[in-house]
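Residue numbers (this note's numbering): 1 to 460.
There's no promise every hint is true.
[As the list claims (entries may be wrong)] Pairs of lysine-lysine residues, derived as DSSO-like cross-links and limited to a Cα-Cα distance of at most 30 Å, are as follows:
| hint | residue 1 | residue 2 |
| --- | --- | --- |
| 1 | Lys79 | Lys23 |
| 2 | Lys176 | Lys139 |
| 3 | Lys51 | Lys176 |
| 4 | Lys206 | Lys23 |
| 5 | Lys206 | Lys139 |
| 6 | Lys75 | Lys23 |
| 7 | Lys139 | Lys23 |
| 8 | Lys75 | Lys176 |
| 9 | Lys75 | Lys206 |
| 10 | Lys404 | Lys176 |
| 11 | Lys176 | Lys79 |
Keep in mind the hints are simulated off the structure, nothing from the lab.
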Amino acid sequence: MVAILSGIALLLFGLVCLLALFKPHWTLVLIFTLFAFEQLLESFIGFLARKSWMINVTTAGITGIAIIISLIMGKRPLKGFMNLNSVLIFSLYIFATFGVLYSPSREAGMYFLESGAPYFVLFVLMLPALISGGEQVSKMTVPFLFVGLIILTLILISPRTLFYGTRFFIDMSYTKGSNERGNPLALGELGGTMMIIAMLMEPERKNIFVALLRVAALLVGLSVSFFVGSRGQLVFSVFAAVLCYPIAHEIKDIKQFFIRTFSAGFVVLLVAFVAKTFLLGSESTERFSSESLTEGIYSRMYFITEMMSAWGGNPANYIQGLGTGAFNAIVPHGEDGFLYPHNLVVEILTHHGLIGFSLMSLIFLITALHGFRLINFGVQGLVNRGVVAIILAMTLYVTMISLKQGSFMLYPLPFYMFMVVSKLYSRTVSDIALEEWSDADSSYLEYEGYGDEDSYAQTA
C-alpha cells in the first residue's frame with residue numbers, strides 16, 4: 001500500500017509541477033499546498049526526506065520560470081508590486097535582520113534568518129508577483145481544491161499517519177529515523193484554506209463535479225483540521241469564510257437571498273454533522289476540551305507576560321527592542337530548540353521595539369484600507385468580488401493564525417498575504433485610471449473635428 005500511495009503522491013507532484021510551468025494559477029496551487037505536500041512525500045520517500053530542500057528548490061525554480069514566462073507574454077507581473085505597503089514590509093524585515101547584532105541570543109537570531117530566508121524569497125518576493133490580477137486566483141480555486149483533496153485524503157488513509165497524544169501526525173520515523181513527526185499545523189492550515197475557498201468561490205462553470213468537489217473539500221478540510229487538533233485553524237477559517245461570505249456572493253433579488261441563505265445554512269449543518277458523526281469519538285476531541293483550551297491559553301500567556309516583562313524592564317531597549325531571537329535567552333523552554341513568543345504583535349514589539357511596532361501598525365492599517373477599497377471596487381463591479389472575498393478571507397485567516405503560533409522570521413505569516421492585497425489594489429487602481437484615461441482620450445478624438453469645422457465656417 002505504501003508503494004501505491006507514494007507513487008500516486010509523486011505522480012501528482014510531478015503533474016502539478018509540469019502544469020505550473022505553463023499556467024500561473026497552477027503555480028499558486030503548488031505554493032499553497034507546499035507544506036502538506038512536502039510532508040506527504042517525505043513520509044514515503046527516504047531520498048526526499050534526507051534532501052527535503054529539493055522540494056523547496058523545485059517549487060521556487062518553477063515559480064521563477066512562471067514569472068519569467070509572464071514577463072515574456074507581456075502580463076507585467078511586477079506591476080503594482082512596489083507600493084507603500086511593500087516598502088514598509090521590506091523595511092520591517094531589514095530592521096529585524098539587523099536585530100541579530102544586538103540580540104542576547106545571536107545563535108537563535110541567525111537560525112531564524114537562515115531558516116526563514118528561503119520562505120521569504122518564495123512567499124514575499126515570488127508569490128505576489130504571480131498574481132497579475134484576479135484571474136489567476138479565480139482559475140486557481142478548482143485545481144486547488146482538487147489537489148488539496150487528494151493530498152489530505154492520502155494523508156488520512158496513509159499507514160504513515162498516527163495519533164500521538166491528542167494530535168494526528170504524519171510519522172516521519174520510517175524515512176528520517178528517530179521519533180520524528182511532521183508538523184500538524186501545516187495540515188490544519190491547508191484544511192482551513194480549503195474550507196475558505198470552497199465556501200467563497202464562484203466557479204466559472206457550475207456543474208455537478210464542482211459542487212461535489214466543494215462539499216468534499218469542506219468535509220475533508222474540516223476533518224483534518226479537527227483530527228490534527230489545530231483549534232485556531234478550524235475556528236479562524238470558519239470565522240473568516242462566514243465574515244467574507246456577503247462579499248463573495250451578491251444578493252440581487254429575494255430568490256437569490258434564499259439560495260444564499262440556504263447555502264450558508266447548509267455549511268453550518270455540514271460542520272455540525274461531521275463533528276457529531278465522525279469526529280467526536282476521536283482522540284482529537286480532547287484538544288477541544290475546556291482543560292486543553294485553558295492549558296493552551298496559559299502557555300501562550302506565559303510566553304507573552306515573560307517577554308513583555310523583559311522588554312518593559314529594559315527602557316534602553318524600548319526603541320529598538322531586545323533583538324531577533326531574544327526569546328531564547330529570556331524564557332525557559334526546556335529542550336524544545338529555538339522558540340518564539342507565538343504571537344506576532346508581542347514578538348515584534350519586544351524583539352524589535354517601538355520602531356518595529358510602528359512599522360507593523362502602519363502595515364496593518366494600510367492593508368485594512370486597501371482591503372476595504374477592494375471591497376468597494378468589487379461591489380461596483382470593477383474587480384471580481386469573489387476573488388476579493390477569497391483573498392481577504394485568507395488574509396484574515398493567516399493574520400489570526402499569526403497571533404497564536406509561529407514566527408514571522410521563520411515563515412512570513414501574514415505579510416505575504418498583505419503583499420497580495422496591496423498589489424491587487426495597486427493594479428486595480430492603475431487599471432481603472434488607465435481605462436478612464438482611454439475613455440477620455442476617445443471622447444476627445446470623437447469631438448476633435450468639430451472645432452475645425454467651426455473655424456472653417458467662420459473663415460468662409
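Comparing the hints with the structure gives:
| no. | hint | in the structure |
| --- | --- | --- |
| 1 | Lys79 / Lys23 | 19 Å, holds |
| 2 | Lys176 / Lys139 | 37 Å, violated |
| 3 | Lys51 / Lys176 | 10 Å, holds |
| 4 | Lys206 / Lys23 | 22 Å, holds |
| 5 | Lys206 / Lys139 | 13 Å, holds |
| 6 | Lys75 / Lys23 | 13 Å, holds |
| 7 | Lys139 / Lys23 | 10 Å, holds |
| 8 | Lys75 / Lys176 | 43 Å, violated |
| 9 | Lys75 / Lys206 | 28 Å, holds |
| 10 | Lys404 / Lys176 | 28 Å, holds |
| 11 | Lys176 / Lys79 | 43 Å, violated |
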